[in-house]
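Protein chains: 2
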Amino acid sequence: MDGKVVGVLGGGQLGRMLIEAANRLGIRVNILDSPGAPAKQISAHDGHVDGSFKDRKSIEELASRCDVLTVEIEHVDTEVLEDVQQKSKNVTIEPSWSTIRLIQDKYRQKEHLASHEVATAESVALDSNLEEELRSVGEKLGYPFMLKSRKEAYDGRGNYPVRSEEDVLAALEALGKNALYAERWADFKMELAVMVVKTKDGTLAFPTVETHHENSVCKLVWAPARNVSTDVSKKAQDLAKKAVSAFEGKGVFGVEMFLLRDNSLLINEIAPRPHNSGHYTIEACPISQYDAHLRAILDLPIPEASLQLREPAIMLNILGGKAADSHIAFVRDHALANPRTSIHLYGKAEARPGRKMGHVTVTASTMHEAEALIEPLVDAVDEAAGKPLGPREPKQEKPLVAVIMGSDSDMPVLKGAFDILRKFGISYQARILSAHRTPDRMFDFAKRAEGEGFRVIIAAAGGAAHLPGMTASDTVLPVIGVPVRASHLDGLDSLLSEVQMPRGVPCAVVGINNSTNAGLLAARILGVADERIRRAIREHQEASWEEVRAKDERLMEIGPEEYLKGMRK
Amino acid sequence: MDGKVVGVLGGGQLGRMLIEAANRLGIRVNILDSPGAPAKQISAHDGHVDGSFKDRKSIEELASRCDVLTVEIEHVDTEVLEDVQQKSKNVTIEPSWSTIRLIQDKYRQKEHLASHEVATAESVALDSNLEEELRSVGEKLGYPFMLKSRKEAYDGRGNYPVRSEEDVLAALEALGKNALYAERWADFKMELAVMVVKTKDGTLAFPTVETHHENSVCKLVWAPARNVSTDVSKKAQDLAKKAVSAFEGKGVFGVEMFLLRDNSLLINEIAPRPHNSGHYTIEACPISQYDAHLRAILDLPIPEASLQLREPAIMLNILGGKAADSHIAFVRDHALANPRTSIHLYGKAEARPGRKMGHVTVTASTMHEAEALIEPLVDAVDEAAGKPLGPREPKQEKPLVAVIMGSDSDMPVLKGAFDILRKFGISYQARILSAHRTPDRMFDFAKRAEGEGFRVIIAAAGGAAHLPGMTASDTVLPVIGVPVRASHLDGLDSLLSEVQMPRGVPCAVVGINNSTNAGLLAARILGVADERIRRAIREHQEASWEEVRAKDERLMEIGPEEYLKGMRK
Numbered sequence: 001m002d003g004k005v006v007g008v009l010g011g012g013q014l015g016r017m018l019i020e021a022a023n024r025l026g027i028r029v030n031i032l033d034s035p036g037a038p039a040k041q042i043s044a045h046d047g048h049v050d051g052s053f054k055d056r057k058s059i060e061e062l063a064s065r066c067d068v069l070t071v072e073i074e075h076v077d078t079e080v081l082e083d084v085q086q087k088s089k090n091v092t093i094e095p096s097w098s099t100i101r102l103i104q105d106k107y108r109q110k111e112h113l114a115s116h117e118v119a120t121a122e123s124v125a126l127d128s129n130l131e132e133e134l135r136s137v138g139e140k141l142g143y144p145f146m147l148k149s150r151k152e153a154y155d156g157r158g159n160y161p162v163r164s165e166e167d168v169l170a171a172l173e174a175l176g177k178n179a180l181y182a183e184r185w186a187d188f189k190m191e192l193a194v195m196v197v198k199t200k201d202g203t204l205a206f207p208t209v210e211t212h213h214e215n216s217v218c219k220l221v222w223a224p225a226r227n228v229s230t231d232v233s234k235k236a237q238d239l240a241k242k243a244v245s246a247f248e249g250k251g252v253f254g255v256e257m258f259l260l261r262d263n264s265l266l267i268n269e270i271a272p273r274p275h276n277s278g279h280y281t282i283e284a285c286p287i288s289q290y291d292a293h294l295r296a297i298l299d300l301p302i303p304e305a306s307l308q309l310r311e312p313a314i315m316l317n318i319l320g321g322k323a324a325d326s327h328i329a330f331v332r333d334h335a336l337a338n339p340r341t342s343i344h345l346y347g348k349a350e351a352r353p354g355r356k357m358g359h360v361t362v363t364a365s366t367m368h369e370a371e372a373l374i375e376p377l378v379d380a381v382d383e384a385a386g387k388p389l390g391p392r393e394p395k396q397e398k399p400l401v402a403v404i405m406g407s408d409s410d411m412p413v414l415k416g417a418f419d420i421l422r423k424f425g426i427s428y429q430a431r432i433l434s435a436h437r438t439p440d441r442m443f444d445f446a447k448r449a450e451g452e453g454f455r456v457i458i459a460a461a462g463g464a465a466h467l468p469g470m471t472a473s474d475t476v477l478p479v480i481g482v483p484v485r486a487s488h489l490d491g492l493d494s495l496l497s498e499v500q501m502p503r504g505v506p507c508a509v510v511g512i513n514n515s516t517n518a519g520l521l522a523a524r525i526l527g528v529a530d531e532r533i534r535r536a537i538r539e540h541q542e543a544s545w546e547e548v549r550a551k552d553e554r555l556m557e558i559g560p561e562e563y564l565k566g567m568r569k
Numbered sequence: 001m002d003g004k005v006v007g008v009l010g011g012g013q014l015g016r017m018l019i020e021a022a023n024r025l026g027i028r029v030n031i032l033d034s035p036g037a038p039a040k041q042i043s044a045h046d047g048h049v050d051g052s053f054k055d056r057k058s059i060e061e062l063a064s065r066c067d068v069l070t071v072e073i074e075h076v077d078t079e080v081l082e083d084v085q086q087k088s089k090n091v092t093i094e095p096s097w098s099t100i101r102l103i104q105d106k107y108r109q110k111e112h113l114a115s116h117e118v119a120t121a122e123s124v125a126l127d128s129n130l131e132e133e134l135r136s137v138g139e140k141l142g143y144p145f146m147l148k149s150r151k152e153a154y155d156g157r158g159n160y161p162v163r164s165e166e167d168v169l170a171a172l173e174a175l176g177k178n179a180l181y182a183e184r185w186a187d188f189k190m191e192l193a194v195m196v197v198k199t200k201d202g203t204l205a206f207p208t209v210e211t212h213h214e215n216s217v218c219k220l221v222w223a224p225a226r227n228v229s230t231d232v233s234k235k236a237q238d239l240a241k242k243a244v245s246a247f248e249g250k251g252v253f254g255v256e257m258f259l260l261r262d263n264s265l266l267i268n269e270i271a272p273r274p275h276n277s278g279h280y281t282i283e284a285c286p287i288s289q290y291d292a293h294l295r296a297i298l299d300l301p302i303p304e305a306s307l308q309l310r311e312p313a314i315m316l317n318i319l320g321g322k323a324a325d326s327h328i329a330f331v332r333d334h335a336l337a338n339p340r341t342s343i344h345l346y347g348k349a350e351a352r353p354g355r356k357m358g359h360v361t362v363t364a365s366t367m368h369e370a371e372a373l374i375e376p377l378v379d380a381v382d383e384a385a386g387k388p389l390g391p392r393e394p395k396q397e398k399p400l401v402a403v404i405m406g407s408d409s410d411m412p413v414l415k416g417a418f419d420i421l422r423k424f425g426i427s428y429q430a431r432i433l434s435a436h437r438t439p440d441r442m443f444d445f446a447k448r449a450e451g452e453g454f455r456v457i458i459a460a461a462g463g464a465a466h467l468p469g470m471t472a473s474d475t476v477l478p479v480i481g482v483p484v485r486a487s488h489l490d491g492l493d494s495l496l497s498e499v500q501m502p503r504g505v506p507c508a509v510v511g512i513n514n515s516t517n518a519g520l521l522a523a524r525i526l527g528v529a530d531e532r533i534r535r536a537i538r539e540h541q542e543a544s545w546e547e548v549r550a551k552d553e554r555l556m557e558i559g560p561e562e563y564l565k566g567m568r569k
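From first to last, the protein sequence lines are chains U and B. All the letters of the first sequence, read from the start, carry residue numbers 1 to 569 under the UniProt record's numbering. All the letters of the second sequence, read from the start, carry residue numbers 1 to 569 under the UniProt record's numbering.
Here chain U stands alone, though its shape is the one from the complex (with noise of 0.2 Å):
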């Protein structure tokens, strides 16, 4: 772009989807990595350099041949990046070498976090690797604990679970030979990510996500969170934002975090670079985070509003298998044939059972949608995997109406809108709730209605028609109120009683036994968002305008007299 050089240590899937949004922007990058490594298959220029990001001599050819200099992975040699910053004046690393370090060791990095305030499980760093020294750490921190390796960890290597006195010997048994810590066990209901960039300005947050992970690797993300609160997504991302803040450089962080059973968040870890739980953006964002990446190195501008989503999306690794073409298998009998679906394969040349060779993502207009299409490719990877699927449900698309009434009795009312649903393709379920003889299942109903997936609430009621307005007293969805003609006042009652609601809880009230019309305005409403539904609309009014138009024209041909003949037949 303006043409500075960009070094990548590392040229594994991370450095290839780098190398994807530095094509598309005219960014030239030079990969040091292994021959054909995956990033390097797709950029075919002359100044990559072949060899091992931990190997001091490549890493310096690399330096002398950019202008920033970034990774794709923190394992890397600080040592050698330190003395690169000293001796040149004309490469920048992106994050700083001492970020890197920080951050390779998760006690440092832990320790770090907490001098700045930012909120992360309490960590005790091991002196000795002595089954004493272990026990007495069991006793501050209690059991159980997790005993972690400081270095080198990822993908759940390095990690051993305490669960009590009787783990420690085996927990040193099984990690005792590298530096230690502690730390104390976070009881999570789930794990969020961010991913943050850190420019020259200041810090930026890609949305709120909601990870989940299988034998310690990441498996599943969804973006936006599902059922967190806004403000629980706000308070993420503000953490992870006063998180990388800590650090010093530039570029795409990953921050992964513990949200605790009282809604209150706590750090897990930190990635100095573009990560997996950031896969989606690709699709899911106007830009990327490898796009993100590079603008924040090379001091680009990046608008805010290119980091959120554009629709809810899931990601769904594929990993290695059992076959050494289980990974294509599964692309080429499931995800090329699943709707909606993005395929990226990373071109590593060997797979591994658990190596991930690529991921999919699905995005959808809404996260019901999202989850509808991934369930079979989550099916066909835990069938590969030999998990036991057990009962499933049988797959339904989720209703986007509920037409509730107070009573059986009102259903031949509500025919006409069941018949406008139908005729416009918009799936709902009717449900007998009584206001008055089911309060309690009438608001759980109304208290569910948005996360199950419902759009529009059509109610019908008689006389002291409660149900319409006391759904809507509960829901923040559109509810339309139908007031049934009971036997007395002609429906007025019915009327009144839904349409004079006090202000703060909106009733949107048709007229007397007309369900057409609240069908017909379920369809406007969903038709905001839906250009499918505002054309269905659209082709069901002008039919209208020509059948009256037809009779018209007939009224005009034969005059009164016939055509009221014609009606009485």
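Treat the hints loosely; a few may be bogus.
Here are the computed distance ranges between Cβ atoms for each label pair [to be verified]: (1) K398/B - R332/U: 44 to 50 Å; (2) E547/U - R332/B: 55 to 61 Å; (3) K387/B - H75/U: 50 to 56 Å.
List of simulated lysine-lysine pairs, DSS-like, C-alpha gap at most 27 Å [to be verified]: (4) K151/B - K57/B; (5) K189/U - K219/U; (6) K234/B - K423/U; (7) K4/B - K57/B; (8) K140/B - K177/B; (9) K447/U - K234/U; (10) K200/U - K235/U; (11) K551/U - K447/B; (12) K234/U - K200/U; (13) K322/B - K4/U; (14) K423/U - K447/B; (15) K415/U - K447/U; (16) K322/U - K4/B; (17) K356/U - K4/B; (18) K423/B - K234/U; (19) K387/B - K189/B; (20) K235/B - K423/U; (21) K447/U - K423/B; (22) K200/U - K242/U; (23) K398/B - K415/B; (24) K151/U - K57/U; (25) K356/B - K322/B; (26) K423/B - K235/U; (27) K54/B - K356/B; (28) K4/U - K356/B; (29) K189/B - K235/B; (30) K151/B - K219/B; (31) K447/U - K551/B; (32) K189/U - K242/U.
In case anyone wonders, no lab produced these hints; they're calculated from the structure. As the structure is a computational prediction, the values presented were derived from the model and not from experiment. Don't be surprised by glycine CBs; every beta carbon is placed ideally from N, CA and C.
Go by the hints and put chain B onto chain U.
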């Protein structure tokens, strides 16, 4: 994917974006083009062929290295392709050489379409290129008509508009050395395009888009086409599919069409390959035209839902300018800082004025937002080209809610709605439109409301309150009626006038004078597709619960007598 190797004649930007898709799918692609061609830059292996895609030896070499041969440009030597296909059973050419041959000769392309009863402009081939011949063609087709080279013409090169008899000599002067044909003038109101995917099983279509050309070069693409009815959009897809079905072979085809003033459609031109008018698919659809092309020629599955639009999108080409780095300057100074803008540079070594150097795609949740976002970029392009910008309206956020009233005396009643909309950050515009005193203005507003970007209408009226219902009769947007209490009947007249609508035209009515609830209902309706608004509603609801709870506690604390005293103050 299945181990098959693809060979591509040509390695420009289309080949490059094809390689991007192939890299993600793990498909090996060999490119025939000069060394360092854009496509080769992002594909580092030794299977590419250096040479011209018009050279027999090079084509044969490429064919020997692949299983499926395809093109990114139609101006290739089809004699060689025919020979290759006849000599070798190991390679298939997609689409077939006969299709490419038919399409490269625009006259034969049109003839072929006409013979398959596909609507296209009437065309006459020239035999002699003599003045008399062209004059007699002019008599047959009428003036103006288009004189076109049959072959090797693209981006307007090889076209000459013959506006009157006086242009005949100049036209022959310009194009006379080529094989020519003449085309009846198409007086179109708009240019549309559809990318069609031809698979072993049939045809699939991406959405109908609108294209804008400047100096005969594609400049802008709007997806979906603006102000085009569902019906026309669908007809364009059907016509494009019918046209492509007339040709042999698999792959994507770009179909350019004219939409005439009577809403009929004519095929303008077909490209047997990915096309500039399909670049938007990279960001705007779950799978891109490039991904679809690879799947089609390799018989891999293509889910139809993956060709649908995720969000409205606008694509703007980046052409070479006066300076060698004009296109880079555009990206650096404008595109990078523009929100929701994806950048694609093609890596072409030499920039020439008018050469396609890259493109940007803007996506947004509505076309209105996308238009507002792309405008500064179009301005920058026009300014760089020395095109006068002329006076522009100041940029304003498009209001989402229209608040209309029958009389300014209704203003005080509507204050509650204005307060709520402001509180929720929902943009609105207020209008005075009387059903009975300005019926034309009311209908004009109703007809245009959707196109102008409104999503919900709040209509307040009193007495014979016809405004909400009459407005609802000529729009597909949800209309919320606020019955205003007028001088008689305490507002019951207004309520019944608004709520008792005939079947077919729904109106969502709230309580008498209760415009607060109308504002809240508008928010709930917009919240159906907007999580931010749903959260704001929840917070508002919780605050109001809290308010009542606090009052209740105070009442219990101080007792009713004291409480009443406090109220009297």
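Okay, the hints, checked on the actual structure:
At about 45 Å, the beta-carbon gap between K398/B and R332/U stays in the expected band of 44 to 50 Å. Look at E547/U against R332/B: about 59 Å separates their beta carbons, and that is inside 55 to 61 Å. The hinted window of 50 to 56 Å between K387/B and H75/U holds, with their beta carbons roughly 53 Å apart. Restraint check for K151/B and K57/B: satisfied, since their Cα atoms lie roughly 23 Å apart, inside the 27 Å limit.
Taken as a hint, the K189/U and K219/U pair is honoured in the structure, with Cα atoms around 17 Å apart against an allowance of 27 Å. In summary, the hint linking K234/B to K423/U is supported, as the alpha carbons are separated by about 19 Å, within the 27 Å threshold. Distance hint between K4/B and K57/B is fulfilled; the C-alpha atoms sit about 22 Å from each other, no more than 27 Å. At most 27 Å may separate the alpha-carbon atoms for a hinted pair to count; K140/B and K177/B meet this at roughly 23 Å.
Using a Cα cut-off of 27 Å, the hinted pair K447/U and K234/U holds, with the two alpha carbons roughly 23 Å apart. For the suggested pair K200/U and K235/U, the alpha carbons sit about 23 Å apart, so the restraint of at most 27 Å is met. Proposed proximity of K551/U and K447/B is supported: the alpha carbons are some 24 Å apart, at most 27 Å. The straight-line distance between the Cα atoms of K234/U and K200/U is roughly 23 Å, inside the 27 Å bound, and the hint therefore holds.
For the given pair, K322/B sits about 23 Å from K4/U by alpha-carbon distance, which is consistent with the 27 Å threshold. Between K423/U and K447/B the CA atoms are separated by roughly 24 Å; this keeps the pair inside 27 Å, and the hint holds. Between the alpha carbons of K415/U and K447/U the distance comes to roughly 26 Å, so the proposed pair stays at or under 27 Å and holds. Restraint check for K322/U and K4/B: the C-alpha separation of about 23 Å stays at or below 27 Å, so the hint holds.
Taking the CA atoms of K356/U and K4/B, the gap is near 23 Å; set against the 27 Å cutoff, the hint holds. In summary, the hint linking K423/B to K234/U is supported, as the alpha carbons are separated by about 20 Å, within the 27 Å threshold. A distance of roughly 23 Å separates the Cα atoms of K387/B and K189/B; the hinted pair therefore holds under the 27 Å criterion. For the suggested pair K235/B and K423/U, the alpha carbons sit about 22 Å apart, so the restraint of at most 27 Å is met.
Restraint check: the Cα-Cα separation between K447/U and K423/B comes to about 24 Å, which is no more than 27 Å; the hinted pair holds. At most 27 Å may separate the alpha-carbon atoms for a hinted pair to count; K200/U and K242/U meet this at roughly 15 Å. With a CA separation close to 21 Å, the supplied pair K398/B and K415/B stays within the 27 Å bound. Distance check on the hinted pair: K151/U and K57/U sit about 23 Å apart at the alpha-carbon level, within 27 Å; holds.
Simply put, K356/B and K322/B have alpha-carbon atoms about 13 Å apart, close enough for the 27 Å limit, and the pair holds. At roughly 23 Å between alpha-carbon atoms, K423/B and K235/U fall within 27 Å of each other, so this suggested pair holds. Pair hint K54/B plus K356/B holds up; C-alpha atoms about 21 Å apart against a cutoff of 27 Å. For the suggested pair K4/U and K356/B, the alpha carbons sit about 23 Å apart, so the restraint of at most 27 Å is met.
A distance of roughly 16 Å separates the Cα atoms of K189/B and K235/B; the hinted pair therefore holds under the 27 Å criterion. Note on K151/B and K219/B: the hinted pairing holds, with a Cα-Cα distance of about 23 Å set against a maximum of 27 Å. In summary, the hint linking K447/U to K551/B is supported, as the alpha carbons are separated by about 24 Å, within the 27 Å threshold. Simply put, K189/U and K242/U have alpha-carbon atoms about 22 Å apart, close enough for the 27 Å limit, and the pair holds.
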